[in-house]
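*Asks:* We have chain A; now place chain B onto it with these hints.
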Amino acid sequence: MSKDIRLKKGLNINLKGEADKVYASIPQSDLFSLKPTDFHGLTPKLTVKAGDKVKAGSCLFFDKYNDRVRFSSPVSGEVTDIVRGAKRRILEVKLKADAETKYESFSTLDAGASREQIIEGLLESGVWPFIRQKPFDIIANPIDTPKAIFISTFNTAPLAPDNDFVLHGLDSEFQTGVNFLKKLTDGVVHLNVDGNTNPSKVFTSCKGVQINKVSGMHPAGNVGVQIHHIDPINKGDVVWYLYPQDVLTIARLFSEGKYDVSRIVALTGPQVEKPRYYRTIAGATIKNLLDENTLIGDNNRFISGDVLTGEKIEKDGNIGFYDSQVTVIEEGNKQEFLGWIAPNLDKFSLSKSYFSWLTPSKKYSLNTNYNGEGRAYVVTGQYEKVLPMDIYPMQLIKACLIDDIDSMEQLGIYEISPEDVALCEFICTSKMEVQSIIRKGLDLIKKECS
Amino acid sequence: MKLFKNLLGSVKPHFEKGGKLEKLYPAYDAFETFLFVPDHTTHKGAHVRDAIDLKRTMFMVIIALVPCLLFGMWNVGYQYHLAIGETATLVENFVFGFWKFLPLIIVSYVVGLAVEFAFAIYRGHSVNEGYLVTGLLIPLTMPIDVPLWMLAISVIFAVVIGKEVFGGTGMNILNPALTARAFLFFAYPIYMSGDKVWVYNAMVDGHSGSTILGELAASTNWQSLSWNPFDMMTGIIPGSVGETSFIAIMIGAVILIASGIGSWRIILSTFVGGFVMATLFNMWGANELMSTPAEIHLIIGSFAFGAVFMATDPVTGSQTNKGKYIYGFLIGVFAILIRVFNPAYPEGMMLAILLMNIFAPLVDHYVIQGNIKRRLKRANA
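Quick note, the sequences are listed as chains A and B, same order.
Note that the working numbering has the first sequence beginning at 1, numbered continuously upward.
Note that the working numbering has the second sequence beginning at 1001, numbered continuously upward.
Next comes chain A alone, as it looks inside the complex (with noise of 0.2 Å):
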């Protein structure tokens, strides 16, 4: 039972800087690092020191909680430098890579694999924290069964890369990776397309999964709106999903036994002359993208992922394990005189008080400011104008700042993750930091349920 979402809220931000739909070529990168911090909740234990020789595909550190979920090395070479940070906690293993990529030998699969062959297959190579469940939005636990599994193949998020453009022509590379993941659920595997265009035919011919369409603005692109509407999440519920580009890993893994993570990534932003997307391995250094660009100013900001809920890194930082994007932006650390008064036509604000309304198809280069102060609540109606969900936000909010878990899982709190909050966040007049609020929330509720 395909399903058809029409979703009237939400809000397209119209950032300059989306990506040409080119590939630049780019001499691969020789800097890796893999993060312990793009997992959230995750407490890493090391299997390497510096100095040690790896292949793509060793294992790097391990989840002390659950030792069968593993982190691999995406590349081949040598681990230069573990970073830690304040109590020693490890925030970094950094690798310099080989000339050429040395993998591990992991088994094949065929179709008529087992799901515990799957899943064991999964664990060993280090792939399975590509998929990640909801609530809580953090790596699947493997014991679970999930009732579904979700794929969103598009991406409403600003700049977000084009899954079209990435996946063309790979229709049997996709298939092959659904067909492995319809194994581990007893439910259905929903592929979700853009209503908004005409999806290529990677997903919308892609076979034994249920295709849904839902149309809108972002955040429609996110599966947690997505699941909302399809298949909601109660108390007890578990919800695996996955990205595009993730369900193609899983297959290069089992048809050719390699933990390959070489992905597209797209090069975005209103500061980058020439936005387009480039071939690279997850947990590259951005360097080798900006050396092939040209930047605007010197005073940047570069975020791993999109502008509302990506990790902000440095000019040589490393791409995040999940990212396929990365957004180059102004930092906004500028007074501005009367800027509260002044009729700006170049401020973007959902509101009407700034009469860039006028022109809505206008692209802006929003910076890093604040645009103001944090304030206790005194606009409301505004989250509710964003959030595609039956879902109270302020109350919902309110309820985690209040640390009141009766509350926040009547309200919702299992069906929201932080990143479907991030317009709220962006929208919100009195500044609050919504994502890490809602984080937290989850957070409590999590060590309290378990």
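Treat the hints with care, since some could be wrong.
Unchecked claim - Here are the simulated SDA-like cross-link-like pairs (lysine to any residue), alpha carbons at most 25 Å apart as the crow flies: (1) A:K352 / B:V1115; (2) A:K431 / B:K1373; (3) A:K9 / B:K1373; (4) A:K235 / A:D144; (5) A:K447 / A:K213; (6) A:K431 / B:G1167; (7) B:K1023 / A:G374; (8) B:K1020 / B:V1115; (9) A:K8 / B:S1126; (10) A:K235 / B:L1035; (11) B:K1005 / A:K258; (12) B:K1044 / A:L295; (13) B:K1012 / A:K9; (14) B:K1002 / A:K312; (15) A:K9 / A:D231; (16) A:K312 / A:N333; (17) B:K1100 / B:A1118; (18) B:K1005 / B:L1132; (19) A:K352 / B:W1264; (20) A:K21 / A:N293; (21) B:K1023 / B:G1170; (22) A:K8 / B:K1020; (23) A:K398 / B:A1379; (24) A:K8 / A:N299; (25) B:K1044 / A:D144; (26) B:K1044 / A:N299; (27) B:K1322 / B:F1341; (28) B:K1005 / A:K398; (29) A:K334 / B:K1002; (30) A:K446 / B:F1031; (31) A:K334 / B:W1264; (32) B:K1044 / A:E18.
Read the hints as simulated data drawn from the structure, not as lab findings.
Note that the structure is a prediction, hence the values are computed from the model and not measured.
*Replies:* For chain B alone, coordinates are given in the frame of chain A:
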């Protein structure tokens, strides 16, 4: 601009930690952020933020109030000259009203902001912008003749009891501007319910300064009033400074709704509620107020001003969208109900809004319970 920057830069060290005036930092901060949008950048969560902030929001409400303010000033002069039987030009009327009304604005802002700053310094947090609007709403709802000391006391009462005791902007239960008016109404009733205060100097000169509602309550048929519906629409009638002109208020409503700052749900449902209640009373028709047509009810007194600028206060109103419909509708109903039945003072808007301020959380509670039940049902299905 450079001048301001240098000036701020030169005094800043005194206000920072370790400086002589460290305790007064919130006051300094208020001035600095008033002049310059600060250079704070995002560090976690969304890297970009919407251009709107609370200052901009409040500023939009002030812009929406400008038509009422300008018209009100002119009307003060017009009503005065009418009462003393002199003719005056448009400019003369406006200038007269301007000079009579300006002290009210100054007293309201100076006294109110002084209290706000004092609390911000005492608590060590930044000054919230809420009073920018409250400070203008209070004089706009006052009679032009109100003594300045009385205004000052009601402002202090409104800010301290109406807002700060609850924790400041965003935490209050009652609309602060209406709290000021209610305080004046109960503490000095003659100034709010009397006949003689709505036109400048009426008390001294012995003119009749009664309002439309006053006359209707005194059993004058609405058709034999000295004002016709056109006067009521334009606002050439005695009354509180900002409340008389339905047209000016509607311009404000359009600005509030178009900019997305004011809730159209509340405004619409308040008018619907008032219309429904007044229509029911028309059918009954036991006295002059009851038999006044519903549409006339909506354009006289403080009904429209209350619906557009007071009921829409997001802090004290309902916060859920469904709740906003219910909240507004009930304000409309109670406003007409109180107007018709209150023997002491034929105006119900203030009390209706304050009453619904109290009930707004309850309305929201039931709306949210509905959502929770729906969610539970889904789980059991």
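*Asks:* Are the hints correct? Go through all of them and say.
*Replies:* Against the structure, the hints:
About 32 Å separates the Cα atoms of A:K352 and B:V1115, which puts this hinted pair outside 25 Å; it is violated. For the given pair, A:K431 sits about 31 Å from B:K1373 by alpha-carbon distance, which is inconsistent with the 25 Å threshold. Between A:K9 and B:K1373 the alpha-carbon distance is near 23 Å, which keeps this suggested pair within the 25 Å criterion. Restraint check for A:K235 and A:D144: the C-alpha separation of about 14 Å stays at or below 25 Å, so the hint holds.
Distance restraint check for A:K447 and A:K213: the Cα-Cα separation of roughly 35 Å exceeds the 25 Å cut-off, and the hinted pair is therefore not satisfied. Restraint check for A:K431 and B:G1167: the C-alpha separation of about 19 Å stays at or below 25 Å, so the hint holds. For a cut-off of 25 Å, the pair hint linking B:K1023 to A:G374 stands: about 20 Å separates their Cα positions. For the given pair, B:K1020 sits about 22 Å from B:V1115 by alpha-carbon distance, which is consistent with the 25 Å threshold.
Between the alpha carbons of A:K8 and B:S1126 the distance comes to roughly 37 Å, so the proposed pair goes past 25 Å and is violated. About 49 Å separates the Cα atoms of A:K235 and B:L1035, which puts this hinted pair outside 25 Å; it is violated. With a C-alpha separation of about 60 Å, the suggested pair B:K1005 and A:K258 falls outside the 25 Å cut-off, and the hint is violated. A hinted pair counts as satisfied when its Cα atoms are at most 25 Å apart, and B:K1044 with A:L295 qualifies at roughly 23 Å.
For the hint pairing B:K1012 with A:K9, the CA-to-CA distance comes to about 44 Å; that exceeds 25 Å, so the pair is violated. Of the supplied pair hints, the one linking B:K1002 and A:K312 is violated, its CA atoms being roughly 32 Å apart against a limit of 25 Å. Using a Cα cut-off of 25 Å, the hinted pair A:K9 and A:D231 holds, with the two alpha carbons roughly 19 Å apart. Pair hint A:K312 plus A:N333 holds up; C-alpha atoms about 15 Å apart against a cutoff of 25 Å.
In summary, the hint linking B:K1100 to B:A1118 is not supported, as the alpha carbons are separated by about 28 Å, beyond the 25 Å threshold. Taking the CA atoms of B:K1005 and B:L1132, the gap is near 23 Å; set against the 25 Å cutoff, the hint holds. Using a Cα cut-off of 25 Å, the hinted pair A:K352 and B:W1264 holds, with the two alpha carbons roughly 14 Å apart. Between A:K21 and A:N293, the direct Cα distance comes to roughly 16 Å. Compliance with the 25 Å bound is thereby established for this hinted pair.
Among the hinted pairs, B:K1023 with B:G1170 is consistent with the structure: their alpha-carbon atoms are about 23 Å apart, no more than 25 Å. In summary, the hint linking A:K8 to B:K1020 is not supported, as the alpha carbons are separated by about 55 Å, beyond the 25 Å threshold. Taken as a hint, the A:K398 and B:A1379 pair is honoured in the structure, with Cα atoms around 23 Å apart against an allowance of 25 Å. For a cut-off of 25 Å, the pair hint linking A:K8 to A:N299 is broken: about 37 Å separates their Cα positions.
For a cut-off of 25 Å, the pair hint linking B:K1044 to A:D144 is broken: about 32 Å separates their Cα positions. Proximity of B:K1044 to A:N299 is assessed by CA-CA distance (about 18 Å); at most 25 Å being required, the pair is judged to hold. Simply put, B:K1322 and B:F1341 have alpha-carbon atoms about 29 Å apart, too far for the 25 Å limit, and the pair is violated. Proposed proximity of B:K1005 and A:K398 is contradicted: the alpha carbons are some 38 Å apart, above 25 Å.
For the proposed pair A:K334 and B:K1002, the alpha carbon gap of about 14 Å is at most 25 Å, so the pair holds. As the CA atoms of A:K446 and B:F1031 are separated by approximately 44 Å, the hinted pair breaks the 25 Å bound. About 36 Å separates the Cα atoms of A:K334 and B:W1264, which puts this hinted pair outside 25 Å; it is violated. Distance hint between B:K1044 and A:E18 is fulfilled; the C-alpha atoms sit about 23 Å from each other, no more than 25 Å.
When each numbered hint is compared with the structure, violations occur for hints 1, 2, 5, 9, 10, 11, 13, 14, 17, 22, 24, 25, 27, 28, 30 and 31.
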